Amino acid sequence: MRSTDPAGGRVRGRENRAVTGLRLRGRGREVTALRETLGSVRDGWGACVVVEGARGVGKSRLLAELGALARRLGFDVVSVRADELDQYAAGAALRSALLSSDDFDHAAPSADDQRLWLLDSIADALEDRARRGPLAVLVDDAQWADPATLFVLRTLPGRLAASRILWVLAVRPETERPTVARVREEFEHLGARWLALGPLPLQELERIAADMLGAKPSPGLAKALRGVAGNPFLATELVRAFADTDAIKVEGGVATLLHEGIPAGFRLTVASRLARLPEDAVRLLQIGSVLGHEFDLGTAARMLGRPVGSLLSGVEAARTAGALLADGPRLAFRHDLIRQAVHENLPLAVRTALHREAADLLRVTGARSAEVAWHVVMSGGPVDEDSVTTVHTAVRELSSTAPDAAADFAQRIAGLLPPHDRRRIALLTDAAEYLGRTRRVHEALALVDATLSDGLEPLQEARLRLVAAEIHQAVGDDAAAMTHLQQGLDLPGLPPDLRIRLLKTKATGHIYLGDITAAEQTDTGLVEAAYRSHDPALVVSAMVFQSQTFFYRGRLARALELAEAAAARAGTESAVLYLRPPRIPALWLATVLTATDRLADTGRILREGQREAEALGLGWSLPHWHLSRACSLLEQGALDDAAVEAETSLAVAAELEITQPNPRARSVLALVEVRRGDLARARGHLRAVEADPGTKTQRYGLWVSLARACLADAEGRGAAAAAALAGSFGDREPARLLAVPPSHWPAIVRIALRGGDPSVARTVSGALRRLTAQDDSQQIISAARAHVDGLIHGDQRALASAITAYRSTGRPLALAAACEDLGELMAASADTTSAIPYFEEASQLASASEALRDHERIRRRLRRIGVRTGAVQQHTTSLAEWGNLTESERKLIPLVVDGLTNRAIADRLYVSVHTVNTHMRHIFAKLGINTRVELTRLAVERGGIADGAD
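Under our numbering, the residues of the sequence shown are numbered 297 to 1246, in order.
If you're looking for bench data, these hints aren't it; they were derived computationally from the structure. Where hints are given, some of them may not hold.
Said to hold, decoys possible - In silico lysine-lysine, DSBU-like type, Cα no more than 30 Å apart, as pairs:
no., residue 1, residue 2
1, K1222, K1187
2, K545, K519
3, K545, K512
Note that the structure is predicted; figures quoted are calculated from it, not measured.
Assemble the whole structure, with the sequences as input and the hints as a guide.
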């Protein structure tokens, strides 16, 4: 409200018009761009916008304008404003803004890694809102956002690009936080609209002053406004400062300065304004500037040693002066520039001492550990025992949703401690562990090496080496893991529990490396001790370990028995699921089932296991569930779905940043593409394995070798194909053969024979004889052995026996291969009449599995012996035609038309929401569209497609 003083017409500050109610000036271009973007989102297109500018340039004001405009256009609006203290907070402010606190408290799992739960819960809430209407997500002061919210912002805009969601960030350009820079990069990658707010022209500043004063600025006042360099906030503060000192007179519609004397800078302006406030208000603002943008009055009173009631006059004076707002349960500075100016006007020694005192007080009163930790950092040390304990708690809380930020924070605190301080080593060990959960594996291992070079106590070194070994195992570098484990075990005076953990991890490493004898020798009573334990995870871990050793020894029935018992025990003890892959019982059970006659059971086991893992928030296990399903589907001949699951495994790993790319996923994709006939794509997948510097192929080397051999064979490079197999399948023990599913074993023999290396074929045959001697209970093993013998000896009866056995195993491509091989033998002996039915059956099986290259090869063979065949439709992924959609993709479309979210579709089809995400990406790419709205329109126009018709 504006008023004129009858005695002289001077404008008083307390009667000034509220700045928050001022009209937005000088941002017409930006408002027009935002209006266009809102229209695009309303029409069905997701979009991202970055509003960038210096402090006080008007980012928050523009976001407020955008929020109001969006609501007028029918948008649901979710707004988050970050605070400097949020940088170390463990929660996600965006999730809190979306969901009620009650939902938040009860939905959070107790897992060490909550990133999957965080992403999925927010994605589900956003997608559900966007289904009902367009949605705008506005994040102000993103440079201070909590790490979990930043993680969401760099992940979900891409995942939900097909939904009607507008993502808007307001951020300062000078931010140094790497996580913020990555969000900016992701928005840029997604084609975000960039609105850089620069200084306002003097004419616009004059209009702001006129809005505040209700009169046109005089030339003298305009000259003064020129000194704020186009910053609208500084302009409003300058006008307010003049008004507070009665330095402006309004007469004849013109606001004139009564005297010169512009403050040298904004800090001095604030200081001069504070000097005119009562002492209580000044002290309150100084303490408040230390506590943060928002602060609790009770905490400020305790730091001042005063009762809360004695500060009421100071609060009122600060509010009247426009420095503080009191609209919520906590006091807040009207703008962070005011807080920073007050804070920076305090001498450095005073600031650090106050931050240290604030940390102590907040810790005693039970404040958030992240808030205490921020004050510890701001105090700059020294760090006492209580402070380190609180900070360590904050680091661990943060690690569940943002392990990379937790690692950086731990290293920052460690830097405040003396080099050999035990607390410093504990923080660095945790930092290495947290980095190992992300893609920053090289940093984790470099940190391990740097910390080990400090000369640690045996207990510290053993713990750090265990962390290093687990990181190496996670990326598949099992040899390096074994080195750390042995060096750890050689250290003296280790407690029994740590020694057992080292031995268990070492035994698992031997299994990874295929050295089953060494794994059994490492046992040394571990299994017996585990069975006596009251810890269900130890018992189940021992059962899985025993199952693995029996499996790779070829005793499949006993391995299956133990795997099922472990999975059943895990079903009643959820803590067991926290075991790392592949020791998660259901994952291991699926591996065993894939090599047995119960292949069809893997789908149910994996679906139920993954759902439980997701419910518990075990995000780090998710790529392994999808990859295990991909291997099972490949064995079942479901090539399209196998490729989707392998691709989903890689996509989830990239999205959650939880593991290095798995070479087995790329190998599955390469094998699928070889079958489809897209050899260029197969080569691309294998090049990706070789190009990734963080990927080790020791554990999955057999899969990579198999994929390379199949590709070389398809390219007509027989000798190279055989050579790719020679180094991987040259052991007569069953262990290496069992590392890949049974339907691949005859292919290994066929490629070796075609490439002129019968020794590999004989080795595989020998391993199969040993395997069946150990356990002849599985028909698929007998079928594979008969198939291999038929190939090696040219034995039609053996191949016919294999065909009969394959028919009940649920492996159509293995059956197709045996039919083709028998047809070739018959045709070679001039018995073409008998060969034709086998070729035709093989062709039909290959076609049904979308193995188009196999199908075309067999059809060519039929034509050579005089059988007329039709043209083969080539598999493509780029033509914008409905005919390119797979059966699984077509199932989704009517559900999209019905308005179901991806989560609801996943529940309806009993698959993972991440699998649905991959299917949706494929549908959009094949049809040349980008949004669900376009898909619905095309489906409705096409008519029958909504019911699954062609």
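Here is how each hint holds up against the structure:
no. : hint           : verdict
1   : K1222 to K1187 : holds (15 Å)
2   : K545 to K519   : holds (16 Å)
3   : K545 to K512   : holds (11 Å)
Consistency with the previously given hints is maintained throughout, with no hint failing.
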